[in-house]
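Student: Residue strings, one per chain:
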Amino acid sequence: MTKGFIPEAIMQGLLALTPEVFVLCLAFFIIIADLILPVKSKRNILDIAAVGLTGALLLTIGALFQQGMYIFNNALVVDSFARFFKIIILVSAVFMLLMSRDYKALENNKIGEYTALVVLVTLGMMLMAGASDLLMLFLSIEFVSIVFFVLVGFVKKDSKSREAAVKYFLIGAFSSAVFVYGASFLVGVTGASSFPSIQQYLIAHGISNLFIVGLLLMLVGFGFKIALVPFHMWAPDAYEGAPAPVTAFLSVASKSAGVAVLIRTFLAILPDNSNVNLILALLAAITMTVGNLVALTQNNAKRLLAYSGIAHVGFIMMGFVAYGLFGVQSVLIYTLAYLFTNMGAFAFVIAIYNKTGSDDIRDYGGLSLVSPALAFVFFVFLISLAGVPPTAGFLGKLLVLGAAIDSGYTWLAVIGVLNSVVSLYFYARIAYFMYFAKEKKITEAIKPSLSLNIIIYSSLFMVLYICLLPEQFLNLAKKTVQLLTGSFHGY
Amino acid sequence: MINEYLAVLIFFVVALGFTIGGLVTAFLVRNSKPGYEKETTYECGEEPVGGAWIQFNMRYYFFAILFVIFDVEVIFLFPWAVVYKELLSNFGIFAFLEMALFLGILILGLVYAWKKGHLKWE
Amino acid sequence: MSNLYFYTVIIVSLVLFLIGVYGVLTRRNAIGILMAIEIMFNAANINLVAFNKFMHLEASIGIIFPIFIITLAAAETAVGLALILAIYRNIKSVNVEKMELLKW
Chain A
208 MTKGFIPEAI MQGLLALTPE VFVLCLAFFI IIADLILPVK SKRNILDIAA
258 VGLTGALLLT IGALFQQGMY IFNNALVVDS FARFFKIIIL VSAVFMLLMS
308 RDYKALENNK IGEYTALVVL VTLGMMLMAG ASDLLMLFLS IEFVSIVFFV
358 LVGFVKKDSK SREAAVKYFL IGAFSSAVFV YGASFLVGVT GASSFPSIQQ
408 YLIAHGISNL FIVGLLLMLV GFGFKIALVP FHMWAPDAYE GAPAPVTAFL
458 SVASKSAGVA VLIRTFLAIL PDNSNVNLIL ALLAAITMTV GNLVALTQNN
508 AKRLLAYSGI AHVGFIMMGF VAYGLFGVQS VLIYTLAYLF TNMGAFAFVI
558 AIYNKTGSDD IRDYGGLSLV SPALAFVFFV FLISLAGVPP TAGFLGKLLV
608 LGAAIDSGYT WLAVIGVLNS VVSLYFYARI AYFMYFAKEK KITEAIKPSL
658 SLNIIIYSSL FMVLYICLLP EQFLNLAKKT VQLLTGSFHG Y
Chain B
17 MINEYLAVLI FFVVALGFTI GGLVTAFLVR NSKPGYEKET TYECGEEPVG
67 GAWIQFNMRY YFFAILFVIF DVEVIFLFPW AVVYKELLSN FGIFAFLEMA
117 LFLGILILGL VYAWKKGHLK WE
Chain C
2 MSNLYFYTVI IVSLVLFLIG VYGVLTRRNA IGILMAIEIM FNAANINLVA
52 FNKFMHLEAS IGIIFPIFII TLAAAETAVG LALILAIYRN IKSVNVEKME
102 LLKW
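Residue numbers (this note's numbering), protein chains in the order written: chain A, 208 to 698; chain B, 17 to 138; chain C, 2 to 105.
Rather than coming from a laboratory, the hints here were simulated on the basis of the structure. A hint or two may mislead.
[As the list claims (entries may be wrong)] Within a straight-line C-alpha distance of at most 27 Å, the following computed DSS-like cross-link-like pairs (lysine-lysine) qualify:
hint	chain 1	residue 1	chain 2	residue 2
1	B	LYS101	A	LYS364
2	A	LYS364	C	LYS93
3	A	LYS367	B	LYS132
4	A	LYS249	B	LYS101
5	B	LYS101	A	LYS317
6	B	LYS132	A	LYS364
7	A	LYS311	A	LYS686
8	B	LYS132	A	LYS317
9	A	LYS249	B	LYS132
10	B	LYS101	C	LYS93
11	A	LYS249	B	LYS131
So that you can see chain A by itself, here it is in the shape it has in the complex:
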């Protein structure tokens, strides 16, 4: 060991984690700013945080293709795969802060607390994307969950928000208890907690039944995070009750971080996934189907997007079940498409909520008459969610289905296609209310604020760009997967 002021190994780790350290400092800065600033100027804290997170985003993008490595005794791994998800998380965090700027339900004197929590949860999710040790995994997942419990229940006056938070909390705590019980078996069987050591053990000694039991118990924790179907009950309630920016954040960032750890854990631990793949495939099929079928009858826009989000997780899982280079690539593209599409759709929900105070899609009538351009943009997001060309959602679905067929899961792909058809119905239903509803509830033109406009148009640009010029995104995904640290055995 060197006798320097900061030990070399730790210094190296901190340097590799520059964006995270930056975000952490930002969080402390915001907490202190919240204590010092007068109530009137607290809205500025949101802007400070958005600028800071943009800085962290640029840092991460700059380092995207740097060589991956394990740091802090294998507790974390920093590679392109982790950075890709960090970018998704940071982009959605910046969007979320922009959305919060003129979200009416937020009180001025609570802004500092709110922003600090958002920045901290961003940090937690960034750590989640890079976790490569069971302890680190547990810590980061809990970190994110606990902060989200608070954020979901943040609007104190709203009893829906409180109820959602309690339900989210009870299910979340339960699933993390199951998760950690499963993790204890993994630690016990393999005698180690870091992914490289666990994989070494498995290659040397094979997989025992106890190990599989532990892994399936852990799947409960992951399933909760990404709202896989048997563990999805919290999602619609939490999405409906939470403040809309938090809902958008929860549905995009928390989900992608969950997908990242799920993929990372399975890839880095299991030498091959044949033991559990069928279970994952079944879960994917059930998730898609339940999400889409229940979404058919929803009238609350946030709740509808929650169920559609569940269905999207089913598709993401389909790409993951396909495994291998192509499968993971398709997941990356799908997540990217989902980020921009969902953020755009939520920006609309907030813009309309700010105007009318309602989240009900039946109140969207007349939108096309008063602001036709906006209605059309919303329509583009809807068809992207449904997966119709020429939008990013289409490309994502195409790749995921392709990956599933490629690895022999034709039945899963067929279920996926059928689900896409079903999903068309409820997205078209929103469009129907917008364009053809007899009751014109919206009578004045909707003018989204500057920050919402930024989100809407940049998302629109990306949604079209990803589909029309997919080449560089495909290359990006390919390069990212190739640089994935930890190994694909047999691929």
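Keeping the supplied structure of chain A fixed, place chains B and C upon it in accordance with the hints.
Tutor: Just chains B and C now, with coordinates in the frame of chain A:
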């Protein structure tokens, strides 16, 4: 192994006998005159007010939570203190600073609660 | 001898875990559910400590892991109690069946 625990068993029996014996003797010897003063709860000589099954002030909750946070933090201090000398020889003063950073973060939380007025009794 | 002892400990932790799951599924009181969840966390703790004692674990991870679990369980409980308290002010009950504003 059995013999080692035999001492404990004997100790236990003696302790039990001593306690019960004392109580029984007292019961046989004393005369019984229960009264209101005697039946009330004894708490350090203070006169009790009201029953124990009342709702406590909500304010206690904040203090309880803050206490729990600082209480649990000690669990990290113990292992650190146990290997502190080793850490000091390996990492130098950084071993100390690391824990100082951790405590600093917790203290920031306390300052936050303080500034926000959660420590005031109103 | 020690092997038998090991299995006893593991079975105790399994029983604790199942008690916790049963509690979560049958309790109607939010605080009761919270307590059941704590029992489940402790089952994992016992498991890890037992593994650490009877197997050879890398870097005593079986001792370090429970320390973090205990801390996080405390943090989680603090947040959870605050949320339950907040809803108690609204609906004057901690019964989860009374929380019916949001469904389907």
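Student: Is the hinted pair LYS364 (chain A) and LYS93 (chain C) satisfied, with a Cα-Cα distance of at most 27 Å?
Tutor: Distance ~15 Å between LYS364 (chain A) and LYS93 (chain C) Cα, so the pair holds.
Student: Straight-line Cα separation of LYS311 (chain A) and LYS686 (chain A) no greater than 27 Å?
Tutor: This hinted pair is violated, its Cα atoms lying about 42 Å apart.
Student: Does the structure keep LYS132 (chain B) and LYS364 (chain A) at a Cα separation of 27 Å or less?
Tutor: Judged against 27 Å, a Cα distance of about 19 Å means the pair holds.
Student: For the pair we were handed, LYS249 (chain A) and LYS132 (chain B), check the Cα-Cα distance against 27 Å.
Tutor: Given pair LYS249 (chain A), LYS132 (chain B) holds - Cα atoms ~14 Å apart, limit 27 Å.
Student: Within a Cα-Cα threshold of 27 Å, do LYS249 (chain A) and LYS101 (chain B) meet the stated pairing?
Tutor: Distance ~46 Å between LYS249 (chain A) and LYS101 (chain B) Cα, so the pair is violated.
Student: Taking 27 Å as the top limit, are the C-alpha atoms of LYS101 (chain B) and LYS93 (chain C) close enough?
Tutor: violated, 53 Å
Student: Checking one constraint from the list: CA of LYS367 (chain A) to CA of LYS132 (chain B), max 27 Å. Satisfied?
Tutor: holds, 26 Å
Student: Assess, step by step, whether the Cα of LYS249 (chain A) is no farther than 27 Å from the Cα of LYS131 (chain B), and give holds or violated.
Tutor: holds, 16 Å
Student: LYS101 (chain B) and LYS317 (chain A): Cα distance at most 27 Å?
Tutor: violated, 44 Å
Student: Straight-line Cα separation of LYS101 (chain B) and LYS364 (chain A) no greater than 27 Å?
Tutor: violated, 52 Å
Student: With a cut-off of 27 Å on the C-alpha distance, tell me whether LYS132 (chain B) and LYS317 (chain A) pass.
Tutor: With Cα atoms ~11 Å apart, LYS132 (chain B) and LYS317 (chain A) stay inside 27 Å; holds.
The structure shown violates the earlier hints numbered 1, 4, 5, 7, 10.
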